[in-house]
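Colleague: Each chain, letter by letter, is given below.
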Amino acid sequence: MSGCNHCAGLTRSRLLHRAAAEAGRGLPAIEHGMPLPAGTGLTRRSFLAQGLGAALAVYGGSKLGFAALEDGIALAAGGPAQPVLVSVFLEGGADALSVLSPQGDPLYRKLRPKLALSGGAVFAEDDRLRWHPAANGIAQLYGEKKVTVMPAVGYTNADQSHFTSRHYWEVGATSANLRTGWLGRYLDRVGSMDNPLQGLSLDSTLAPALATAKVPVASIDGPDEYDFWSNRVWGEVETRMLAAIGALGTTHGDPALAAVANVTAQVDRLRNQLLPFHGQDDKPAYTSPVQYPSANESFPRRLAGLAAMLAAGLPLRVVALTAPGEYDTHSDQPGELSEGLQLTADSLLAFQRDLEARGIADRVLIHVWSEFGRRAGENGSNGTDHGAGGIGFLIGARAKGTMIGEFPGLKTGLDDDGNVKATSDFRGVYAALLEQWLGTDAGAVIPDAAAFGRPALVR
Amino acid sequence: VPPVAAHKGGFGAAQAERLLWRAGFGPRRGEAEALARLGLDGAVRALTNPGRENLVGTAPKDEKGRPLAPYDAWGHDHVWWLDRMVRTSRPLVERMALVWHDWFATSNSGVGSQRLMLNQNQLFREHGLGAFKELLLAVTKDPAMLLWLNGSDNAKWAPNENYAREMMELFTLGAGRGYTELDVREQARALTGFRNDWKQGQGNVNFRYDPQRHDTGAKTIFKQRGRFTWQDSVRLSVSHPNHPSFFVRKLWSYFVPVPPDAATQRSLERLYVSSGHTVKPVVTAILTHPALYDGPRLVKPPVVYTAGLLRRLGRPIDTTSWSWIGSMAGQQLFYPPNVAGWDDSRWLDTATWRGRWWTAQNVLRPYALDPGKAVQPYDAAKLLEGALEFWRQPKLTESTRAALQGFARAALADAAGAPWKRKQYAVMVQNALRQLIAVSPELQTA
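As you go down the protein sequences, you meet chains G and C in turn. Using our numbering, the letters of the first sequence map in sequence onto residues 1318 to 1776. Using our numbering, the letters of the second sequence map in sequence onto residues -15 to 430.
Hints listed in this document are in silico derivations from the structure and should not be mistaken for laboratory results. Check each hint, because a few of them may be wrong.
Pairs of lysine to any residue residues, derived as SDA-like cross-links and limited to a Cα-Cα distance of at most 25 Å, are as follows [what the hints assert, rightly or not]:
1. C:Lys117 - C:Thr213
2. C:Lys207 - G:Thr1481
3. C:Lys45 - G:Asn1548
4. C:Lys366 - G:Thr1567
Values in this document were obtained by computation on a predicted structure and should not be read as measured data.
Could you put the whole structure together from the sequences, leaning on the hints where they help?
Modeller: Here is the structure:
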């Protein structure tokens, strides 16, 4: 058992996004090499029709009558392609000293007499470190120069509360009071008021990092799973009933009524946008060009659906997922860590291959993060307690592939609590992502952004 | 410090209904009117002193008509408790158990035993309105909690900080409110000594306190020095000067969606301390407070929403589907998302709203009218009146009524040309209206 399996379900998205003209602004370096969108204008519309032909035709034929659906498709088809950031959260505090184990550090075996790992591929940029065998999917992409590694990312005076630390990461500041996520503030800046798909949680609830102040965002389990029906209501009456959901989403004076109505309106918009992705007979309306691991697991299934949505030109900008696995390994660490890490790494490898096969890999960057690392010294339960500096990755065809920060060593690299000191700051990483990938002024999104150095993230 | 303010306005069926939603799971037929007759103080007294438990109505069954197996069968734990919420004569006791399940959020995903989870649940029922220290002592040595936060891994030669940290951060003081990393480590030492065995085929068994595993050395906790034990650890946390403010703010948040004003906060803290840290007087004061009756509505937690729909219709538990539907709506009992519990300020998003739609659809399933046989008026206003009567006349806003009438009129108009359609569409519109009313903002809040 692991101690606290924190927050398995925090996702929900609401944000919006605004057209491509804004997205390209300020991103000359990226825009220059950016591939053409997977079809623009009519081209993309016909790609949609071809790529999702049957489902679109069937459902379009019977239900395309809604103006909202027409709008949703037009929006999806209309703009230039946007850079997409996919945030993957290793919930619970992943052990950096296992994902990349410092087997070449003389203190490693002393601090981890039971848990120390042996073997594994050598990490090319620092031969003290070795990849965890379960992370081979990421190691393989690293070998292709598609992974930027952050061996000890975090912030000084790390808070060792799961909730406080992940909140800091989610809001992009060491502030307990911010109520919007860093990605949410980005969307508030660049998004539109009528496209909840722009910020999307692929999960059962909202990712706090996507929480916005203005624009709508959405959360869904997968693009093929957003259907509604009721008992003995069919045909035209059913169509009218579902259309009435939107009418229930009107404004109210009471804040709780208004909150429910607001979500109701978002449900209505999202349902209409996703109608073309409904398959028949419970099968998804898309096919994946590559094999994903374990089709019954939600994480690879969600990534497969995400690739299909991106390829079809749905207007997504930031997407958040929680990785499978238990990373809060206070006990029984070896088995608990390997299982989740393996599925996470294998799924991310398949997703990257999927994007490459569809010709859209240049548009997507994946950011893998965790709220902190774990204590260097193991505890007595075959596990580790909460630490400070942790592991992070940026994965994508345009990731620079050069380490950010460094592994500080176990002799001088630990703080007074015996935790690994951070050698790169997550706020600097965010600022660099905003400026170098998303093309917006980090100063308007990250508090005190000027205080943090910007590592070079993309090429 | 003045006493806590009390509601002075009227206490009719509307106020009694709100009280039943906040302190329980909504009214059964006639319950709000009966409670209103007791007056505010009498109603609150009835809720806080309910006497022996009496489960009213048909015993729960699974979809095949068999009794539930809450210790063994997946999902039966959730519906077992849901049944208590639907049938209990002590709604506040069950509601407080839900509060404590959220406060000391333990998930079976880390415990792996429905039996241990239900044992913990019983503890919340027994101590739910008593002294907080007794509750915390019971929770600290509760087997499910010992597994969940590694209490039985915590030995003097190998301390594990997990429970020590969460006890202060989430259970008694709040993050960053008057403790240090040193306090976490020293509390963990004080809490050493619990253990259990693992037996093949039985799992975790034989939970006990073993003095051999306890660190008997001196510890420094909150700047006090002593050879503290696990009971001292609990006592020190509860008597910490920052505990009453944490307790009051957190408890209040379960009943009223906006924080108490400063005077109310102070008065409640005073009441809590002067009562020897007892829960019941504070709950009584909150349930009597004007903010509960005059303030904004509260989004019902998913399980309260579900139990309330079932109570309103008098439908017993006859399926275990409520467990996975609860999960879709964002609340599967015994599986809170993490040790901080559910986020009561964010129940609703586009995914969990869909879970509520499914909840309503499944609640309505046995009541669905057959468009081939049933007869309903081909008249939008009469259909709406019928659907409202089905739900016992909930109060809807004008905009919701307009949305429902607009739907009914348009759907009936689609059938205007064909007599066979007119008959069938009227029935389908009645089915659809019941569904739409159930997911309206009015029925999702109280």
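Colleague: Hints the structure violates: just list their numbers, smallest first.
Modeller: Hint check: nothing fails, all pass.
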